[in-house]
Each structure stands twice: as C-alpha cells, then as structure tokens.
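Here is what each chain is made of, one letter per residue.
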Amino acid sequence: MNRAGRSVILFESVSSALHAEKILKAGGIAHKIIPVPKHISSDCGVCIRVEGEYLEQAGRALEGKVRVLGVRQLPEAKGR
Amino acid sequence: METREHIYLDNAASSWPKPESVIRAVELTLREAAANPGRSGHSLSVEAARIISDARSEAAAFFGVADPLRIVFTKNATESLNIVINGLLRPGDHVITSRMEHNSVMRPLNAARERGISISSVRCSRTGELDPDDVRKAVTKDTRLVVLTHASNVTGTIMPVAEVGAITRGEGIPFCVDAAQSAGCLPIDVDAMNIDLLAFTGHKALYGPQGTGGLFIRGGLEAEISPLVMGGTGSASEHEEQPLFMPDKYESGTPNTAGIAGLLEGGRFVSSQGIASIRDHEMALASVLLEGLDGIPGVRVHGPAEPEKRIPVVSFTVDGMDASEVAYRLDDGCGIMVRPGLHCAPSAHRTLGTFPGGTVRFGFGFFNTAEQVRTALEAVSSIVNKP
Ligand SMILES: Cc1ncc(COP(=O)(O)O)c(C=O)c1O
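Chains as they are written, first to last, in my numbering: chain E, 1 to 80; chain G, 81 to 467.
Don't read these hints as lab results, they were simulated from the structure.
Note that the structure is predicted; figures quoted are calculated from it, not measured.
Some hints could be false.
Unchecked claim - Computed cross-link-like contacts, SDA-like style, restricted to lysine to any residue with a CA-CA straight-line distance of at most 25 Å:
hint, chain 1, residue 1, chain 2, residue 2
1, E, Lys25, G, Ser351
2, E, Lys65, G, Glu138
3, G, Lys155, G, Ala303
4, G, Lys221, G, Glu194
5, G, Lys221, G, Arg206
6, G, Lys217, G, Arg179
7, G, Lys389, G, Ser332
8, G, Lys155, G, Lys389
9, E, Lys25, E, Glu56
10, E, Lys38, G, Asn183
11, E, Lys22, G, Leu124
12, E, Lys38, G, Asn116
13, E, Lys32, G, Ser120
14, E, Lys22, G, Ser137
15, E, Lys25, G, Glu194
16, E, Lys38, E, Gly28
17, E, Lys22, G, Arg179
18, E, Lys25, G, Gly121
19, E, Lys38, E, Leu69
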C-alpha cells in the first residue's frame, strides 16, 4: 500500500459514509468527505478521502462498525 | 378569536407546544440546508445528509441501539408497523398481538388475515393489563411475530414488554413493539427488553414535528422483511433493483429533512431534561387528575388504579353523558382540548367495556402545569353537575 498517496474509502451508502465520518472524527483521524470521483463510480454518492499515512488507522477504526466496499488509491498530483 | 387561554391536554394525540429548539431547527434547515440529502455530493447536500445522520445516531443512542444504521426513518409509527406486518409475514404464518392495540396494528393485521395469516389476540383485563404468560400459551409452531403496544393510548396502561421479550427471545420469535406512546416517555433499551423491531413516532413524547418517525430493525431481520416502498436511495444507482442493505432498503425517496432536524432536537430536548424527570412531572399531574376525578360523582376512570402502571394518559366516562359532549363542552366553554371517542383503538375499548361510546381522554406533556389540571378538574366537575 502506498503510504504517500491519497486514497478514498468507498461505502454502500451516504448513511454509511456519514456514520464512518463520525467514527473517524471521534478517533481524531484526519479525513474529508468528498463526492465519489467519476473515474471510480458514476454513482451519486460520497466517499471519504484520507492521506496514505492515516489509511491503516482509519481501516482499523471502521472495522466491524461500518461496511467498507473498497479502498482506491487516487492518481498522484493534479490534486483538487 | 377571543384571547382566552387554551389548555392543551391532547398530548397523547400529538404533543404541543413544541420546544423552541425544535421549531428553530426546522426553520434553520429550510433556510440553510434544504438540499437533497446525500443525493448530489455537493456540500449542501452533504450538510442535509449530516442532519439525518446525526438524528440517526441520536435515535440509536435513545433506544440503546449500538449501530445507528439499524434505524430507518419513516413518516410515523403507522408506516413502521406496516413495514413489519406487511413485509415479514407470509401465508401460513401466525401472529400474536393483544386486545389493547391501536388500529395501526389491527388494520394491517386484519388485512394480512386475507392473505392466509392467522392471528391470536391475547385477552387483557378490564384495566388493559396483559399477563405475559398468556403470550407464552398462544405460541404455536407457526408463530412468526409477536406485536405489542408498549403503552395503551386509551388507558395509558404500560405493557410488560421486557417480560414478553424474554419469552419471544426464548422461543426465537421476532418481537415488534409499538412505541408510539412510550418513546420519549418511558426508558427503552432494545437489548435489555429483547425488542427486535421498534416502531416509534416523532410527534408525541419525542416532541418532534408530525410526519417523522422510525423503525429499529435488529441485525439480520432485514433479510426477511420486504420494503413497503421502493425507489431512489442515492446509493447503488447503477442498479435497477432495490438495495438490500440498511437503512436504504427501507428509505426510498427524498426524506423529510426539515422534520427529521426537528425530531433530532426533540430527542435532544427529552435527553437533556431526562426521561425520569419528565415522567415525574407528568405523573404528578396525572395523580392530581386521578384523585380529583375520583371525587366527582358519576365519573368513572378507566385503566389501572396505580398511577405508576400508566403513562400520563387518563380516560374517563361520565354516567349518562356522551364522551363527545363532555369534550365539546370542555373545549367550547373552557378552552380545554382533549380527545373523545375510540382513539383509533376499538379493540382496546371493547376490552375496557367502553365500546362503542368511547371515553374522554386527557394526555399530559412536559409543558402542562398543575394549575391547568386544577382548572380542568373544576371544568369537569361543573359539566357533570350541570348536565
Ligand atoms: C398506541 C399507538 N400506536 C400507533 C399510533 C400511530 O402513530 P402515528 O399516527 O404517529 O403513526 C398511535 C398514535 O396515534 C398510538 O397511540
């Protein structure tokens, strides 16, 4: 896993993503809610973006609490 | 209209007035966050979705539910009960209920009868009380659901929910509780009480707006309950089939975001006051009323004699006078608003022996005062004495 890049964590629904947001917030883990990037899915929902260094921590915090559909690394540079 | 003070004693139908924080939350949402929650990904849409997410967490915490995603928002307890009764039962199934239920349980159940579902209505005493052992005796090999009100909207009688929950857990039968009257009024812990499905409404003792309510569904049961309504959920949009995960399976279509914002504040209001302290206040009022009514000749109070066996709902009849006439004279002459009749619960009135005439019902809330109860007692007394 590339610790340097950014990744997005994908969820079943907006409800799950926002529940995950609460858990990360409570755990003090840096993250940002963003729309699901077009190249990943054409769905209208949101996902959670985390920097590579926090990805593992985020995964552990969410484990058993919210179903994660997948994690995708974002292309380098050209950030938003 | 004259400026006479109105005394609102119909909180069992809908609580009123609402806390300021509830009113402000509805207004603020309409002003500042009325985008379509979570459908569009932009910041206003996420803001609206966050309100609903916060409300889900508040509701979950309120009922001792660990995972907020087990809470489905609906428009009221009636919709929640319909999801359970219509979605879970299949032809050949047997259901147990009580003889104190509201029509939001009885009507969908009686319609289910047409689809080949059999029903046992467990007998209750003249005060509306149920013996849990009668539920145990009614269980058959086909029993698929026990559905029971937590507190009667006619007599206020509190049902032995935890005792019935212990029985259903032992038998492996899903247990659905109608908490329309009790949510916000009595403590509810779905795990301690073994409740598998909890239907609640927002506009009564949770002090939220009308058109808000919800349903707790215990983990795994969603696989067995079909949704009542299907459609867009903002999730899994590439599929033209209804999603199977919670809560989206049961939350199709744009929700009542402003209403749910109000419900969230209503729940926070109840939590900050404390259910126990609200109950102490309301039961003190109910006790004054019960004692006072007891002293008026010709007035008959229904339901349990001990105040602690009820929520703050009191039904009475006046010998030789229609319930509707008593209610009309309370309103017209004294500005006191109550609810006469059958209260959407003919089965409960048959149990009490007050069918078809019905009763006059007083329902207290947080904002009522002892002074109002005294005024109401004087009014009843004068109506009874001048027929
Ligand atoms: C015991 C009981 N069950 C169900 C309901 C239905 O609630 P709602 O009208 O909010 O769906 C009510 C209230 O009217 C009630 O008192």
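Holds or violated: Lys221 of chain G and Arg206 of chain G, Cα atoms, limit 25 Å.
violated (30 Å)
What's the verdict on Lys22 of chain E and Arg179 of chain G, does the C-alpha distance respect the 25 Å limit or exceed it?
violated (43 Å)
Given hint Leu69 of chain E paired with Lys38 of chain E - CA-CA distance at most 25 Å:
holds (16 Å)
Pairwise hint evaluation, Leu124 of chain G against Lys22 of chain E, where the allowed Cα distance is 25 Å at most
The hint holds at about 18 Å.
Straight-line Cα separation of Lys389 of chain G and Ser332 of chain G no greater than 25 Å?
Violated: Lys389 of chain G and Ser332 of chain G sit about 39 Å apart, past 25 Å.
Quickly compare the C-alpha distance for Lys25 of chain E and Glu56 of chain E to 25 Å and report which way the hint goes.
holds (15 Å)
Restraint status (C-alpha distance of Lys155 of chain G to Lys389 of chain G at most 25 Å)
Status violated; Cα separation ~29 Å.
Between Lys217 of chain G and Arg179 of chain G, is the straight-line Cα distance small enough, at 25 Å or below?
OK: Lys217 of chain G and Arg179 of chain G at ~15 Å, within 25 Å.
Given the hinted pair Lys25 of chain E and Glu194 of chain G, is their Cα-Cα distance within 25 Å?
Judged against 25 Å, a Cα distance of about 50 Å means the pair is violated.
Hey, Lys38 of chain E versus Asn116 of chain G, does the alpha-carbon distance stay inside 25 Å?
holds (20 Å)
25 Å limit on alpha-carbon distance, applied to hinted pair Lys38 of chain E and Asn183 of chain G:
With Cα atoms ~48 Å apart, Lys38 of chain E and Asn183 of chain G exceed 25 Å; violated.
Distance restraint between Lys22 of chain E and Ser137 of chain G, which requires alpha-carbon spacing of 25 Å or less:
holds (9 Å)
In the structure shown, a violation is registered for the earlier hints numbered 5, 7, 8, 10, 15, 16 and 17, in ascending order.
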